[in-house]
Amino acid sequence: MNNPLDDIINGCRQGQRKSQKQLFECLAGSLLTVSRQYTPKALDPMDNLQDSFIKIFDKIHTFDPTRGNFESWARRIVINTALDKLNKKGIEEVVLEYEHLPEILESKIKDTEDIEQLMHIISQLPDGYKQVFCLYEIEGYSHKEIAEQLQIKEATSRSQLNKSKQLLRSWVIKMEQPVFLNIQSE
Amino acid sequence: MLDNTNNWKDKMQGLKNHASPIDLPFEWDALERRMEKRKRRNLIFWLWPMMLGLVLLSGYLFTKNKTTNVAPTLLQSNEKAVATEHQNKIPTLNENISQSNQFSNVIKDESTIKKESKIHSSKETNSLSSKTEKKVVSSEKQVFPNEIQDLHITNPFQLKVINTPQTMDEITAATPMNQQTDDFQFIDNHTNTLPKASISYLPMTSLGAIIHNAQQPNLSHSTIVLQKEPKPFFVDVRTMIGLSNYNYKSLTNENIALIDQRKTNERALEHVGGRFSIGKTFNHQWYASIGMSYARLQEKWNSSRYDTTDITIQNQVLETYTNHLGQVVEQTGSKHAKQISKVTQTRYNSIEQISATIALGKFFKVHKMRWAVEVNMSIPTYTKFSGQVLDNEGKMMELNKVYQPFNSLQYGMHTSYIYPVSGNLAIYGGYDYNFSRLRSDLGYLRTHHLHSLSLGMKYFINN
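If you read the protein sequences in the order shown, they are chains A and B. Residue numbers for the first sequence follow numbering that gives the first Met the number 0, beginning at 0 and rising by one. Residue numbers for the second sequence follow numbering that gives the first Met the number 0, beginning at 0 and rising by one.
There's no promise every hint is true.
[Unchecked claim] Calculated pairs, DSS-like style, for lysine-lysine (alpha carbon to alpha carbon, straight line, at most 27 Å):
id	chain 1	residue 1	chain 2	residue 2
1	B	341	A	84
2	A	54	B	36
3	A	84	B	279
4	B	262	B	383
5	A	54	B	299
6	A	84	A	152
7	B	15	A	84
8	B	394	B	337
9	B	15	A	54
10	B	394	B	383
11	A	40	A	54
12	B	38	A	20
13	A	17	A	58
14	A	84	B	36
15	A	162	B	15
16	B	337	A	40
17	A	54	A	20
18	B	38	A	58
19	B	394	B	262
20	B	361	B	262
21	B	337	B	279
22	B	262	B	299
23	A	20	B	15
24	B	15	A	58
25	B	8	A	143
Because the hints were derived from the structure by calculation, they are not lab data.
Based on the provided sequences and hints, a complete structural model is requested.
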């Protein structure tokens, strides 16, 4: 029996608007999460998602089912679209002072049950840190792959990952303080 | 460490599989609108270059085809004059006619004609004609008929022009158009696309040259073919791209705040346009045309709103009091508050308009370069507004409910440099300025100043 997603993909290949809508409804939620993780802070993740879907519909005829599942392919497009924008915008330089954070703070992140809250915290990371963090921690890329993808050195990738973790820890400390309110969306 | 815990890995996996909340119908509508817009935009950006390419190609094919069938063209000309100093000595055609197979639309440079006319007086013609040496004069492409008239004035053989259409028929009927004899030589090595003339000095008994749309005054034994009213009609295709500028004028005092809001939030972006018109030249210098224009204006609209979120703030001072020892004591705890954040939204709106256009223009020449100036007026026949803006209460409203579509008369001027590609075809590039205004139902006018670079072609049609 055919996978319903296959029928939708075939419909999209033929340019059927109904199939495109079904595909959007299937994947929009999960791909928005990806978009929020990788889109530069100054840009709207929803815009990036729309750009990605336009690319997906344009390039769907190049999708090869033998090389992986469709969701991973679409996910890859969303990431690349966001990273393209990041490359155009330039990676934001943030100077962080070294802070020795007590181990207890790690447990605060671990105990953060609400995925949405975690998403929100991660999305506040500076561009560059956020992308490295997500590529390494969520997508499981190696530093070498990240370096190639972002056109940076491997050492920079390692450094940015560590700094992003430090920053996350420091934010978790401040989560219960009003300072956190200063992080506003524009 | 942070990343060595299973719990952390689970969280990251959870992030990977997490689906963010999304308003599917709303977002799909937005995506669908963008896809439609992109489709239309693609069409616009491809349509005009394609049209231009098509017209150039058809012009080329038409010209190419014409050059191999010059004889019928000559026969079809209504008013032709053949001037010859020895009209009774029209020689045997097969022997003497010398001409290019691509001469139909070529004229000799004016200065050359004047110069050579002076050199070769009538007394010298016999000796000249007896020589068999070949001489080639420069030629140049001709599109604009007014230059022919100028030549008539300076041409010493003007008085000797007589109407002998029967002779021309005979000549053209008997002339092998693709014949290349020793008496002619190509001047220009460009390509076959450009018609060229080759004029030769020929023996007494030869028919010097037959030049459609041109003349060769210095040849005593030549035949000069003229057209009195050549190419009066033309087809004009123009594409335009440029930037716009908006101004606002309030019709009532109450709208000053609204206009300030418009000025702050609304920004004109690029516009593209095209025009197809058919025109006629008068007096070889002036022209009038009528046609259809399309214009698409893009604009960007920024609007901001403030979102409020309920939050709880920890470790806040709830109360202070002074105890019996005179110390100030603070009571702390969590406090409910509202977080206000500014959200900026950007919208891209567009106005598309199809209008009927009339234009009046003039061709002129500066330092041998051909130019044209034109004034035009457009009457909108169809206008489509896409997008949303804020009304005076800060609510979103559709653009088509803000502006009235049928009162935006458009006035414009155009100036361009014209390059003749062939006898019939000229391409041009120039500058267009257009002015129009939109009347708003909200009590203000928006004026548009459109500055465009234009590229186009004029194809002149033989009478």
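**Message:** Checking one constraint from the list: CA of residue 15 of chain B to CA of residue 54 of chain A, max 27 Å. Satisfied?
**Reply:** 21 Å, holds
**Prompt:** Do the alpha carbons of residue 394 of chain B and residue 262 of chain B lie within 27 Å of each other, as the hint requires?
**Reply:** Within the cut-off at roughly 17 Å; holds.
**Message:** Checking one constraint from the list: CA of residue 15 of chain B to CA of residue 84 of chain A, max 27 Å. Satisfied?
**Reply:** Distance of about 21 Å is within 27 Å: holds.
**Request:** Assess, step by step, whether the Cα of residue 17 of chain A is no farther than 27 Å from the Cα of residue 58 of chain A, and give holds or violated.
**Result:** Measuring from Cα to Cα gives roughly 17 Å; hence the hint holds.
**Message:** Holds or violated: residue 262 of chain B and residue 299 of chain B, Cα atoms, limit 27 Å.
**Reply:** Distance ~11 Å between residue 262 of chain B and residue 299 of chain B Cα, so the pair holds.
**Item:** Holds or violated: residue 262 of chain B to residue 383 of chain B, with C-alpha atoms at most 27 Å apart
**Value:** 22 Å, holds
**Item:** Hinted pair residue 38 of chain B and residue 58 of chain A, Cα distance within 27 Å
**Value:** Judged against 27 Å, a Cα distance of about 15 Å means the pair holds.
**Asked** When you check the alpha-carbon spacing of residue 84 of chain A and residue 36 of chain B, does it fall within 27 Å?
**Response** OK: residue 84 of chain A and residue 36 of chain B at ~21 Å, within 27 Å.
**Asked** Are the Cα positions of residue 38 of chain B and residue 20 of chain A separated by 27 Å at most?
**Response** Roughly 17 Å between the alpha carbons, so the hint for residue 38 of chain B and residue 20 of chain A holds.
**Request:** Take a quick look at whether residue 361 of chain B and residue 262 of chain B sit within 27 Å of each other, Cα to Cα.
**Result:** At roughly 38 Å apart (the allowed maximum being 27 Å), residue 262 of chain B and residue 361 of chain B break the hint.
**Prompt:** Hey, residue 54 of chain A versus residue 20 of chain A, does the alpha-carbon distance stay inside 27 Å?
**Reply:** Holds, at about 14 Å.
**Prompt:** Going straight from one Cα to the other, do residue 337 of chain B and residue 40 of chain A come out at no more than 27 Å?
**Reply:** 23 Å, holds
In summary, the numbered hints that this structure violates are 3, 20, 21.
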